[in-house]
Each structure stands twice: as structure tokens, then as C-alpha cells.
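Chemist: Chains as they are written, first to last, in the numbering used here: chain A, 6 to 144; chain B, 6 to 144; chain C, 6 to 144.
In case anyone wonders, no lab produced these hints; they're calculated from the structure. Some hints could be false.
Copies of the same chain are indistinguishable here, so a pair counts whether it falls within one copy or spans any two.
To be verified - As a list, the in silico EDC-like pairs of lysine to aspartate or glutamate whose alpha-carbon atoms are at most 16 Å apart:
1) 115 / 41
2) 7 / 36
3) 135 / 61
4) 7 / 41
5) 115 / 91
6) 7 / 91
7) 115 / 36
8) 7 / 144
9) 135 / 117
10) 11 / 60
11) 11 / 91
12) 115 / 73
13) 115 / 60
14) 11 / 31
15) 115 / 144
16) 74 / 144
17) 74 / 12
Given next are the chains, with one letter for each unit.
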Amino acid sequence: MKSFRKELWFNVPGRRAFINITSPVEQALVESKIREGLALVNAMHITASVFINDDEPGLHRDYQRWLEKLAPHAPTSQYQHNRTGEDNADAHMKRQIMGREVVVAITRGKLDIGPWEQIFYGEFDGYRNKRVLVKVIGE
Amino acid sequence: MKSFRKELWFNVPGRRAFINITSPVEQALVESKIREGLALVNAMHITASVFINDDEPGLHRDYQRWLEKLAPHAPTSQYQHNRTGEDNADAHMKRQIMGREVVVAITRGKLDIGPWEQIFYGEFDGYRNKRVLVKVIGE
Amino acid sequence: MKSFRKELWFNVPGRRAFINITSPVEQALVESKIREGLALVNAMHITASVFINDDEPGLHRDYQRWLEKLAPHAPTSQYQHNRTGEDNADAHMKRQIMGREVVVAITRGKLDIGPWEQIFYGEFDGYRNKRVLVKVIGE
Numbered sequence: 006m007k008s009f010r011k012e013l014w015f016n017v018p019g020r021r022a023f024i025n026i027t028s029p030v031e032q033a034l035v036e037s038k039i040r041e042g043l044a045l046v047n048a049m050h051i052t053a054s055v056f057i058n059d060d061e062p063g064l065h066r067d068y069q070r071w072l073e074k075l076a077p078h079a080p081t082s083q084y085q086h087n088r089t090g091e092d093n094a095d096a097h098m099k100r101q102i103m104g105r106e107v108v109v110a111i112t113r114g115k116l117d118i119g120p121w122e123q124i125f126y127g128e129f130d131g132y133r134n135k136r137v138l139v140k141v142i143g144e
Numbered sequence: 006m007k008s009f010r011k012e013l014w015f016n017v018p019g020r021r022a023f024i025n026i027t028s029p030v031e032q033a034l035v036e037s038k039i040r041e042g043l044a045l046v047n048a049m050h051i052t053a054s055v056f057i058n059d060d061e062p063g064l065h066r067d068y069q070r071w072l073e074k075l076a077p078h079a080p081t082s083q084y085q086h087n088r089t090g091e092d093n094a095d096a097h098m099k100r101q102i103m104g105r106e107v108v109v110a111i112t113r114g115k116l117d118i119g120p121w122e123q124i125f126y127g128e129f130d131g132y133r134n135k136r137v138l139v140k141v142i143g144e
Numbered sequence: 006m007k008s009f010r011k012e013l014w015f016n017v018p019g020r021r022a023f024i025n026i027t028s029p030v031e032q033a034l035v036e037s038k039i040r041e042g043l044a045l046v047n048a049m050h051i052t053a054s055v056f057i058n059d060d061e062p063g064l065h066r067d068y069q070r071w072l073e074k075l076a077p078h079a080p081t082s083q084y085q086h087n088r089t090g091e092d093n094a095d096a097h098m099k100r101q102i103m104g105r106e107v108v109v110a111i112t113r114g115k116l117d118i119g120p121w122e123q124i125f126y127g128e129f130d131g132y133r134n135k136r137v138l139v140k141v142i143g144e
């Protein structure tokens, strides 16, 4: 069994963003030389997500509005977590809805995903360096 | 290390449904001849889910009502995504709550799941052919 | 390829709790003697979660309040599932938001997690024995 590890780094110049990371994950897979196995792609931070969905800007705006409705940022005083000096409690909730990680099958050296599946980094508390782990195991 | 891949196909004659796929996943596991490892079961479409929960019809109706409350289908004009000609923006949200995938342990040739755990395909935008990927790795 | 399996057991003396299980998962990893691979950590019950987030008590109280808002326990009569004699339909919903499982990379014999990532067992229907499965595969 082979294994391969790579970090992808991000510094989002805003509080929230969705970034398509399908290409860097494919690049990591090429570097891994693994042809059959599983790839784990996970946020290493607890106010960020990795998820798979559509690369359609209107949908991304819908997601942002929807997450804001389910877990509003303001008033920040509504969250006990923010008494620690943070203002990001809502980001911990948005991340739970969108998820920490995806696991993707590797088949014949490719990401084995459907025609519209794209992998995204979801940032909910940006303005600083954060990373995603790509771990591939297989043969 | 061995690996095995199988697609399960669905064509739901309605917009939404939950289908118990535990048996076909077990069948794929038998075909794989893998006795120790991990099985990834994921929707290959972005308006569908694979999740694990109870096979109880009342609960499934509760889930449908609850998901409709959290991410209503109508009015479809509330979602920018639907300006692309789709009417399925809500399905992209429902799928995020229920999840894209499950990873299940394989132990002594069986799905290593709890007594009430059953694997479901969750369709949120049916009336067409869609598929689930089963990928098993191990020995 | 090696594989390793361990169950962690819980009996929460209340309906709901979040329990940090990072140390017992690390202990299982030491016992597995696996240095490179993937660890699956999943609830074996359908009214409980395994998730990764912050070990901050204020945030945990925020999560409880937020989950109660998204999927209220009372009135229990609002859920068809509860006509089966249960009163835990809300727990099946809370668990979907927080998730069934996490998959964690194993690198050089350690959990390959970010500085604030901690693994939690989330109980939403306690007062009885329930378990978490840790399955590690790799080399």
C-alpha cells in the first residue's frame, strides 16, 4: 500500500468564499502515483469546509444566503463562544452543515467523480492562512 | 491491497425519495471478495445523498417535512441558481444536510454497522437516471 | 495492508452531551501499530454523531441551542416517528446536521489533524449504552 500527503494553503481576503480545488486535488493525485484507492480531502481548520457540489456562481450565492439564515453571523452577542473574544461562532455552525471532508474514490489514476461533481474549499472565517489536507492511500 | 468498484443506478419516478440500498451494497461487498477494509458509498450527483439512518417510514416523512422547512422548494424564484433554467436549488441544499457519502468499515467480510444502521440513497431531484458509486478497498 | 478495529462505549447520564474522544482514538491508533493510512471513526447508532470541532464549552452550548432551534425536541407529537413509541425523532435530525462519522488521515503514526481539531462523540438520545467504531487501515 502506498500513501501520499499534501497540504493546500489558502488566505481568503474576506470572511467567506468558496474555492474550487478540484484541479489542485487532481494534481496531488498525479504526484501520488496512486491508481486505485481512496483520497481524503479535509479542512484542517474548524471554521472551514471541504464539500462537493456544483461550480455555479448563482448556487454559491444561494448557499451563502441560506447558511446566513440557518446560522446568522450577527448579532455576534447571541453566541457564548464569542465571549472568548472571537466573532466566528456562526462559522463553526456553517462548517457543520457543509461538512469537514470528502472521501473520493481513485480509479485508474483519476478522481472517480460524477460529471458535475467539483471539490470546494469553503471558508467561513477568512483573512488568514488556513490549509486543506489531501491524503491518498492505495496502489 | 485489493480494490473494487460498482455503480448502482436509480430512476426515481418522483422528485424525492429515500431508497434503502443496504442489500445492494452488501452484494457489492460479496463480489469484491474483500474481508477487511473500507467501503465508500457516495452519490455521483449533486442533488442526491447517501446517508445512514433508520428504515422507518414515519421518520422518512419527518425528514422530508423537515428538509422542506430548512430549504423550501417554492417559491423557486427565491434562488439565483434557478435562473439558469433549473428548479432544483433546494435539492442542492437538502443534499448538503443529508450528506454526499458514507464510509463503512468492512470486518470479516461484512459491513461493520450497528443494529439499526441502514444505508440510504436520498433523491431530491428525481425523474432521471442517477447513480451511486461503491468503492471498496482492503484485503 | 493492516487493519484494526476497536469499539468505544458510552452511557451518557442525560439526553444530550458532547464528549471529547480524541485521546481514546489516539490510544486505538497506538494499539493498531499503523503508521500511514486512514482512520474511520463513526457512531454505530442513528441518534448520535461523531464530528470534529473545537473543545470550547461556550461553543458546545451554542451548538445545543442551535440544534434545538433547527430540530426542536418538543412538542414530540410533531414527528410521525414518535408515534412508534419513541420520543427521539429530533435526535435523528440533529445527528444528520452534525454527521455520522469522520475520516482522519494517519501520518507517521499520528492523527494528522489541525491544531484545533478535536474529535467528539455527540449524544442526542442518551441514558443507555451506545458505541463508536474506530477502524484503522494502512501500514
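Chemist: Now tell me, hint by hint, if it's right for this structure.
Modeler: Hints and how they fare:
no. : hint      : verdict
1   : 115 / 41  : within (9 Å within a copy, 21 Å between copies)
2   : 7 / 36    : within (12 Å within a copy, 21 Å between copies)
3   : 135 / 61  : neither (24 Å within a copy, 20 Å between copies)
4   : 7 / 41    : both (10 Å within a copy, 9 Å between copies)
5   : 115 / 91  : neither (40 Å within a copy, 29 Å between copies)
6   : 7 / 91    : neither (41 Å within a copy, 42 Å between copies)
7   : 115 / 36  : within (12 Å within a copy, 23 Å between copies)
8   : 7 / 144   : both (6 Å within a copy, 9 Å between copies)
9   : 135 / 117 : between (26 Å within a copy, 15 Å between copies)
10  : 11 / 60   : neither (23 Å within a copy, 26 Å between copies)
11  : 11 / 91   : neither (29 Å within a copy, 37 Å between copies)
12  : 115 / 73  : neither (35 Å within a copy, 36 Å between copies)
13  : 115 / 60  : neither (19 Å within a copy, 34 Å between copies)
14  : 11 / 31   : within (12 Å within a copy, 22 Å between copies)
15  : 115 / 144 : within (13 Å within a copy, 21 Å between copies)
16  : 74 / 144  : neither (44 Å within a copy, 45 Å between copies)
17  : 74 / 12   : neither (32 Å within a copy, 36 Å between copies)
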